[in-house]
Amino acid sequence: MRFLLFAFAVILITGCSNDEFGDRLLPDHDEFSSIDSFDVMNVEYAENFDIRKSEGGFTLSIIDPNEQTVEKEFTIPINKPLKLISLTSTVNGMCSLLDAQNAIVGISSTDYLYDDQLKARSESGLIAEFGDESNYSLEKIIASGADIVLYSGFGDKFPNQEKLEKLGFILIPVYDWREVHPLGKAEWIKLIGVLSGKIEASKKFFDHVVQEYQTVQEKVSDLNTESPTVISGNLFGDTWYSPAGDSYMARIIQDAGGDYVYKETLGTGSVERSIEQILKDNSSTEIWINPGMSSLSAISKVNPHAKNLKAFDNVYCYSKNMNLFWERSAAEPHHLLTDLIQIFHPDLYPEKETYFYGKVE
Amino acid sequence: MEKLNSLTRNRIVLLVLLCVLPGLCFIHLISGQIDISPGDFYDAILQFDQENVNHLIVREIRIPRMTMALIAGAALSIAGLLMQTLFNNPLAGPYVLGINSGASLLVAFSFMTGIPCLISDMGTVASALLGAFLFGLIILSFSYLVKSHISLLLIGLMLGSFTSAIVYILQSVSSAEELKAFTMWAMGSLQHVELSTLPFIILLFVIGVVGTLFISKPLNVLVLGEQDAKLLGIQLKTVRLIIIGLTALLTGVITAYCGPIAFVGLAIPNLVRLLFKTRDHRTLIFASALFGGVFLLLCDTVIQLLEASILIPINAFTSLIGAPFVVFIVLKRLA
Amino acid sequence: MISFKQAHIGHNKTLLAIESLSLAKGEVYILAGRNGAGKSTLLKTLTKEVSLIAGNISLNETELNGIRPNDISKHLAFVRSSFPNVDYLKVLDFVALGRTPFTNALGRLTSNDLKIVAEAIDALNINELADKFTSELSDGERQLTAIARAIAQETSIILLDEPTAFLDYSNKMRVLELLKRIAQEMNKCIVMSSHDIDLSIDSNCPFLVLSEAGIQLLETPVSKQQVLELAF
Numbered sequence: 001m002r003f004l005l006f007a008f009a010v011i012l013i014t015g016c017s018n019d020e021f022g023d024r025l026l027p028d029h030d031e032f033s034s035i036d037s038f039d040v041m042n043v044e045y046a047e048n049f050d051i052r053k054s055e056g057g058f059t060l061s062i063i064d065p066n067e068q069t070v071e072k073e074f075t076i077p078i079n080k081p082l083k084l085i086s087l088t089s090t091v092n093g094m095c096s097l098l099d100a101q102n103a104i105v106g107i108s109s110t111d112y113l114y115d116d117q118l119k120a121r122s123e124s125g126l127i128a129e130f131g132d133e134s135n136y137s138l139e140k141i142i143a144s145g146a147d148i149v150l151y152s153g154f155g156d157k158f159p160n161q162e163k164l165e166k167l168g169f170i171l172i173p174v175y176d177w178r179e180v181h182p183l184g185k186a187e188w189i190k191l192i193g194v195l196s197g198k199i200e201a202s203k204k205f206f207d208h209v210v211q212e213y214q215t216v217q218e219k220v221s222d223l224n225t226e227s228p229t230v231i232s233g234n235l236f237g238d239t240w241y242s243p244a245g246d247s248y249m250a251r252i253i254q255d256a257g258g259d260y261v262y263k264e265t266l267g268t269g270s271v272e273r274s275i276e277q278i279l280k281d282n283s284s285t286e287i288w289i290n291p292g293m294s295s296l297s298a299i300s301k302v303n304p305h306a307k308n309l310k311a312f313d314n315v316y317c318y319s320k321n322m323n324l325f326w327e328r329s330a331a332e333p334h335h336l337l338t339d340l341i342q343i344f345h346p347d348l349y350p351e352k353e354t355y356f357y358g359k360v361e
Numbered sequence: 001m002e003k004l005n006s007l008t009r010n011r012i013v014l015l016v017l018l019c020v021l022p023g024l025c026f027i028h029l030i031s032g033q034i035d036i037s038p039g040d041f042y043d044a045i046l047q048f049d050q051e052n053v054n055h056l057i058v059r060e061i062r063i064p065r066m067t068m069a070l071i072a073g074a075a076l077s078i079a080g081l082l083m084q085t086l087f088n089n090p091l092a093g094p095y096v097l098g099i100n101s102g103a104s105l106l107v108a109f110s111f112m113t114g115i116p117c118l119i120s121d122m123g124t125v126a127s128a129l130l131g132a133f134l135f136g137l138i139i140l141s142f143s144y145l146v147k148s149h150i151s152l153l154l155i156g157l158m159l160g161s162f163t164s165a166i167v168y169i170l171q172s173v174s175s176a177e178e179l180k181a182f183t184m185w186a187m188g189s190l191q192h193v194e195l196s197t198l199p200f201i202i203l204l205f206v207i208g209v210v211g212t213l214f215i216s217k218p219l220n221v222l223v224l225g226e227q228d229a230k231l232l233g234i235q236l237k238t239v240r241l242i243i244i245g246l247t248a249l250l251t252g253v254i255t256a257y258c259g260p261i262a263f264v265g266l267a268i269p270n271l272v273r274l275l276f277k278t279r280d281h282r283t284l285i286f287a288s289a290l291f292g293g294v295f296l297l298l299c300d301t302v303i304q305l306l307e308a309s310i311l312i313p314i315n316a317f318t319s320l321i322g323a324p325f326v327v328f329i330v331l332k333r334l335a
Numbered sequence: 001m002i003s004f005k006q007a008h009i010g011h012n013k014t015l016l017a018i019e020s021l022s023l024a025k026g027e028v029y030i031l032a033g034r035n036g037a038g039k040s041t042l043l044k045t046l047t048k049e050v051s052l053i054a055g056n057i058s059l060n061e062t063e064l065n066g067i068r069p070n071d072i073s074k075h076l077a078f079v080r081s082s083f084p085n086v087d088y089l090k091v092l093d094f095v096a097l098g099r100t101p102f103t104n105a106l107g108r109l110t111s112n113d114l115k116i117v118a119e120a121i122d123a124l125n126i127n128e129l130a131d132k133f134t135s136e137l138s139d140g141e142r143q144l145t146a147i148a149r150a151i152a153q154e155t156s157i158i159l160l161d162e163p164t165a166f167l168d169y170s171n172k173m174r175v176l177e178l179l180k181r182i183a184q185e186m187n188k189c190i191v192m193s194s195h196d197i198d199l200s201i202d203s204n205c206p207f208l209v210l211s212e213a214g215i216q217l218l219e220t221p222v223s224k225q226q227v228l229e230l231a232f
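Residue numbers (my numbering), protein chains in the order written: chain A, 1 to 361; chain B, 1 to 335; chain C, 1 to 232.
Please keep in mind that the hints were generated in silico from the structure rather than gathered at the bench.
Careful: at least some of the hints might be erroneous.
Below, simulated EDC-like cross-link-like pairs (lysine to aspartate or glutamate); rule was C-alpha separation at most 20 Å, straight line [what the hints assert, rightly or not]:
| no. | chain 1 | residue 1 | chain 2 | residue 2 |
| --- | --- | --- | --- | --- |
| 1 | B | K237 | C | E49 |
| 2 | B | K332 | C | D87 |
| 3 | B | K277 | C | D71 |
| 4 | B | K332 | C | D71 |
| 5 | C | K74 | B | D40 |
| 6 | A | K307 | B | D49 |
| 7 | A | K359 | B | E194 |
| 8 | A | K307 | B | D280 |
| 9 | B | K237 | C | D71 |
| 10 | B | K277 | C | E49 |
| 11 | A | K310 | B | E226 |
| 12 | A | K280 | B | E177 |
| 13 | A | K53 | A | E71 |
| 14 | A | K310 | B | D49 |
| 15 | A | K320 | B | D49 |
| 16 | B | K277 | C | E63 |
| 17 | A | K307 | B | E51 |
| 18 | C | K132 | B | D280 |
| 19 | A | K280 | B | D280 |
| 20 | C | K48 | B | E226 |
| 21 | A | K320 | B | E226 |
| 22 | A | K280 | B | D35 |
| 23 | A | K280 | B | E226 |
| 24 | A | K263 | A | D207 |
| 25 | A | K310 | B | E51 |
| 26 | A | K280 | B | D121 |
| 27 | B | K277 | C | E119 |
| 28 | B | K147 | C | D71 |
| 29 | A | K307 | B | D121 |
| 30 | A | K280 | B | E178 |
| 31 | C | K132 | C | E154 |
Pair by pair, the computed Cβ-Cβ distance ranges are [what the hints assert, rightly or not]:
| no. | chain 1 | residue 1 | chain 2 | residue 2 | range |
| --- | --- | --- | --- | --- | --- |
| 32 | A | P77 | B | A323 | 54 to 64 Å |
| 33 | A | S300 | B | V302 | 50 to 60 Å |
| 34 | B | I45 | A | N66 | 23 to 33 Å |
| 35 | B | A323 | A | D259 | 45 to 55 Å |
| 36 | A | K83 | B | F328 | 57 to 67 Å |
| 37 | C | L106 | B | L241 | 14 to 24 Å |
| 38 | B | V302 | A | K83 | 22 to 32 Å |
| 39 | A | E353 | B | V302 | 49 to 59 Å |
| 40 | C | L114 | B | I12 | 15 to 25 Å |
We treat Cβ as the ideally placed atom computed from N, Cα and C, and that holds for glycine.
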């Protein structure tokens, strides 16, 4: 149950994105021999990790998002290929964007794979399934011979953390989902770059994303048309969870030229509203995104009062390909931004297809 | 003389409760997360304006929610009374005996099949009714095999655990959306019912209550035990099936629309017997329905008045009050 | 009146065969015999809880096999050795349950029903218990209450399973005397099983003694030796 709640929270906090240029950066293999050949790895947007050069490699710091203190620190050698177990789709996506699929030896489940090469490796047995974070197979991980386990960090601790650390596993929570800035989320690719030996490629990729994001954002700020009002989220139990005003999703809605109903609320997590408040606050809201369901009938099933929302005719979800969304939306926020712009301001890209999002019918 | 007194006293209690009921309903109606003026209530009913959000909230949320609190409380209490009489066991109830679990299991199956007609509202109701009835029959057949009251309760609880396990396995193989829809259903809510569905639910509820009143004679005789009831001319087999059927109807329809709600069915009939000190089912049925409805209405009013945006699930709230009361009943019987 | 003709009684296989026997109204028959001799089986055969293997039994000239299970209540009332253990059941309401075979579908008691219930309570002289809960009664009082219910049922036959088992001496006497008076005054045929042989002999009732040899009716006066010889 707790896992479900967290998973749901993530659905609400995260957004979607896409790049339709097809000129996806194909990073070169970083054949490096010396650490000096690299500039300092600056972390500009992300708040929950840091990278420093150190003796023989890079020191990674994971910052606890709640306490804002260093939660973990490790030194990663630069000349040793590491085997990764990735229990979060974000990491799968980032590895595939860096062409570093080889680094991954384990995942949660093949059901959530998007990348063809990952699928192929999984079919040929090069990648094993370990189950999700709350319910993984401890023995299989121990027997896997992996070096690093990457996970979302929904709970306080990774289950059996001490045991695994004693055995020499490095456990890294990937707090991309706690980042407030869309580019901060994307910047986690640099951490993946260090772990997979694709440092230069990850930097290049991130710079490209920053550039794309800003270019697209400027297009919107030049607009003179009015911003449509937007609501996000859905009921869970009797409570509607919606991204809080300072959250990543709220920010990306604003960046895409949407007028988010709860933009004034405080916090980076989610805000809770009863259905009465939702109906009251959204009697004129025009667009509803991220209902967590891909059909109107499914929405009505969990929330029979949804059809009383004006925005019920205008619901959008990242439902084109859910696995694509889970793998790529963190690393490619410019796609997500473009999608939302297309939804909020259809005239801006009349011919373009959305990358993640689809209209919910 | 004393007999007259106790009868009169019981009638007065029921009458007083009936008189304060409209007041309680009114308090429940005006409690919520947004302020709605009495004028809006009046207009929402008599001059409904589709564009007015307050009108919409009154009609689609407040009124169905109040009605469902009353009906769910009443229906579950009557179902509990039926189980307690049938098994001659004051700690029986649709929840502990696993009747709810049966409903949950079939609803889980219907959600996971992905067949549209099973996922529809009617599909959920039909599944819940069928599941409740099947599990009623299972627990009935177990009641022939075990003599002890506690054993039957344990079997009911095991039935519940067993189905939870199956439901858990079903969940792990289902798609994310099916899983979410089922999880939402299982969390339960009094406010998911729409105004247009109310007449149908009320109809089923009335059928259940009237049916129960019609078997109040055999219910009264059943306190003598099944063998003696039979020797007094009660058609035991038929009566048992009718009791299971009515319990399934009352439990199933509420479970289908509001999710599982614990303890109401177990606690209320005990409370009613404690207060009314009678075994006459005509009184017990009325009193259980009235007390059950009022109890759930009060619980929900408190939830609404807490002014939180996160509404406590009704099932958690009834357990909070119901579980200690059941412990009290157990201790009282041991004393 | 109960009559047996070549009746074979038992659970599936014959435990007891009764060649010919007729029990009359106005008497209390004491059913005696070792444990396992078939006292309960005989009583339960009469209530149709155990089916008759062969032969004939008739209640008031009606053949037992021809009586539908739901109509057995019109012919006989049965008082079990155990008393239902329930809260909040008043003696008056308990006795009134004896009227079940006569009330309408909703169980409404007519003024006639209430009169009969009042008379039954009166007959057992338990008026002061009428408003008590059965859970508050002593063993003796419960037994009287159970008999009152059987009387309210207005059947010509009353069967009792060990009605004196858990009572003290004075209550045993009281119950026996009452039953005798009821049998005579109301002209009923009463059969009760009992282990209290001395007491039953003192009350001057006919005996039905069960043994391997079958059933033996001993008319009054019965001597204790006779019973013991036959039964044990």
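Requested in this report: Sort out whether D49 (chain B) lies within 20 Å of K307 (chain A), counting only the CA atoms.
Outcome: holds (16 Å)
Requested in this report: Starting from K280 (chain A), check that the Cα of E177 (chain B) is at most 20 Å away, please.
Outcome: violated (27 Å)
Query raised in the report: Between K132 (chain C) and E154 (chain C), does the CA-CA distance stay at or below 20 Å?
Result: This hinted pair is violated, its Cα atoms lying about 23 Å apart.
Query raised in the report: Is the hinted pair K147 (chain B) and D71 (chain C) satisfied, with a Cα-Cα distance of at most 20 Å?
Result: Not satisfied, since the Cα-Cα distance of roughly 28 Å exceeds 20 Å.
Query - Distance restraint hint 54 to 64 Å, applied to the beta-carbon atoms of P77 (chain A) and A323 (chain B) - result: holds (56 Å)
Query raised in the report: Is the hinted pair K307 (chain A) and D121 (chain B) satisfied, with a Cα-Cα distance of at most 20 Å?
Result: Since the Cα atoms of K307 (chain A) and D121 (chain B) sit roughly 16 Å apart, the hinted pair holds (cutoff 20 Å).
Query raised in the report: When you check the alpha-carbon spacing of K320 (chain A) and E226 (chain B), does it fall within 20 Å?
Result: Between K320 (chain A) and E226 (chain B) the Cα gap is close to 62 Å, so the pair fails against 20 Å, i.e. violated.
Report task. Starting from K237 (chain B), check that the Cα of E49 (chain C) is at most 20 Å away, please. Result -> Since the Cα atoms of K237 (chain B) and E49 (chain C) sit roughly 14 Å apart, the hinted pair holds (cutoff 20 Å).
Query raised in the report: Between E353 (chain A) and V302 (chain B), does the beta-carbon spacing fit 49 to 59 Å?
Result: holds (51 Å)
Query raised in the report: Does the alpha-carbon distance linking K263 (chain A) and D207 (chain A) stay inside the 20 Å limit?
Result: violated (28 Å)
Requested in this report: For the pair we were handed, K280 (chain A) and E226 (chain B), check the Cα-Cα distance against 20 Å.
Outcome: violated (56 Å)
Requested in this report: Given the hint of 15 to 25 Å, check if L114 (chain C) and I12 (chain B) actually sit that far apart at their C-beta atoms.
Outcome: Because 23 Å falls inside the window, the suggested range holds.
The structure is inconsistent with the numbered hints 3, 4, 5, 7, 8, 10, 11, 12, 15, 16, 19, 21, 23, 24, 26, 27, 28, 30, 31, 33, 34, 38, although it conforms to all the rest.
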